[in-house]
Amino acid sequence: MIKTRSSKVPALAEYVRSNHPYEVTEVISLPIDQGNPPYLKWIGDVVPE
1 MIKTRSSKVP ALAEYVRSNH PYEVTEVISL PIDQGNPPYL KWIGDVVPE
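Residue 13 in full-length UniProt numbering is what sits at position 13 of the sequence shown, and the numbering runs on without skipping anything.
You may find that some hints are simply not true.
Stated by the list, open to error - Each pair of labels, with its calculated beta carbon distance range:
| hint | residue 1 | residue 2 | range |
| --- | --- | --- | --- |
| 1 | Ser7 | Gly35 | 14 to 22 Å |
| 2 | Pro37 | Lys8 | 16 to 24 Å |
| 3 | Tyr39 | Ser7 | 14 to 22 Å |
| 4 | Val16 | Gly44 | 18 to 26 Å |
I should point out that these hints are in silico values taken from the structure, not numbers from a laboratory. Every residue, glycine too, gets a C-beta built ideally from N, C-alpha and C.
Could you build the full structure based on these sequences and the hints that come with them?
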């Protein structure tokens with residue numbers, strides 16, 4: 001599992017498709033409705049826009 005911002009998903013998906021040996025890679029994006037506030041803040045702090 002890779003955690004990133006929604007704005008980063010297209011570039012991440014392209015990277016995975018280009019570098020993974022599988023013909024069909026599994027790349028999905030799930031919205032986060034709730035979570036541990038300190039963890040969500042940390043993700044926001046460490047993953048640039």
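Between Ser7 and Gly35, does the beta-carbon spacing fit 14 to 22 Å?
-> Once the Cβ atoms are compared, 18 Å apart, the range 14 to 22 Å for Gly35 and Ser7 holds.
Using the Cβ atoms, figure out if Pro37 sits within 16 to 24 Å of Lys8.
-> 21 Å, holds
Does 18 to 26 Å hold as the CB distance between Val16 and Gly44, or does it fail?
-> 23 Å, holds
Verdict for Tyr39, Ser7 (Cβ pair) under range 14 to 22 Å | Given about 19 Å between the Cβ atoms, the range holds.
The structure is consistent with each of the numbered hints, conforming to all of them.
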